[in-house]
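Peer 1: We have chain P already, so just place chain S on it with the hints.
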Amino acid sequence: MQSRFFQPLARFGHDKIRGEGFGEKLLSRRFFPILRIWLGHWLTMRILRRLFSLPPLDRKLILGAVFLSCFFRVALRVCSLRRLVRFSSRIGARRPSGENPLWIAQRVQWAVCTVSKRIPGLANCLASALTAKALLSLEGHPSVLEIGVKTGDSASFSAHAWLKTQDEILIGSGNMCGYVALPQFDGKDG
Amino acid sequence: MTKDTQVVVSSGQVSTTLDDGVAILNLDSSMYYGLNDVASDIWKLMGEQRTVGTIYDALLTQYDVEPEVFHNDLFEFLRQLQEAGLILVDTDVLSHK
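Chains as they are written, first to last, in my numbering: chain P, 1 to 190; chain S, 1 to 97.
If you are wondering where the hints come from, they were derived from the structure by calculation, not from laboratory data. Computed from a predicted model, the values in this text were never measured in an experiment. There could be a bad hint or two in this list.
To be verified - Here are the simulated DMTMM-like cross-link-like pairs (lysine to aspartate or glutamate), alpha carbons at most 25 Å apart as the crow flies:
(1) S:44 <-> P:186
(2) P:150 <-> S:41
(3) P:150 <-> S:37
Claimed, not checked - Just so you have them, the derived chain P footprint on chain S, three or more residues with Cβ under 8 Å:
(4) 7-15
(5) 27-38
Here a beta-carbon is modelled for each residue, glycine too, at the ideal position from N, C-alpha and C.
Extracted from the complex, chain P is given alone in its bound form (with noise of 0.2 Å):
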């Protein structure tokens, strides 16, 4: 075969399967798929393990964190953001926790870092703000999301989200330099 393309992924694959010595047996055809059960396994007790070891509000918001995120990542694509907005801060309790809202918000915090740091491409900024504020909102307390935008040298164009909550940024704080943010429209209704 004399494609440019298959060739080298052919040949790679056949050296790596045929190896000598310990390649040879960690990659063999028979135990390959069983060593990646085992590890597959391991790997989701090991996090079910460090999940049920968590106190019940880490627990809680990790895992809120975890089914926001992937809302929010799908529902960019297909809802308006002025429609998430207003989900995310409409979903949550109308009176607050008994809980320290500083407090409350640092574990919010917490989880959403957490999960972006571990599930890598899960959550950009504006996925990652929205899930914070509608964490907080569930909670019952409020918080502002905020969108600025920058012109680079070759007129490149970028924007960045953050969430604020008692006038602090919570989410999205790293690299805001240069965006000039955006009026809020937190609860701008059409």
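Peer 2: Just chain S, lined up with the frame of chain P:
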């Protein structure tokens, strides 16, 4: 669209001024738009409800441009803004009052 047509920016957007123009976010389509200097001047004039003729007259005195060229460019730009849902035009303006 004629010179008597009323135009105003839509409430479904937010915009801010940058060093080299204006950036607009359409809250319904979640799309960002960038405007250059001339377009930014037109955009700023539409902050309040005006007729297209008022905008045309105001900007024609500011820029050294052939009236016919400016007329065509202005109407084309307004048509694009209307298509993007960033401005309300005449009947839309009246129904949102």
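Peer 1: Does each hint fit the structure? Answer for all of them.
Peer 2: Here is what the structure says about each hint:
1. S:44 <-> P:186: At roughly 22 Å apart (the allowed maximum being 25 Å), residue 186 of chain P and residue 44 of chain S satisfy the hint.
2. P:150 <-> S:41: 19 Å, holds
3. P:150 <-> S:37: 15 Å, holds
4. 7-15: holds (count 4)
5. 27-38: n = 6 at 8 Å, threshold three: holds.
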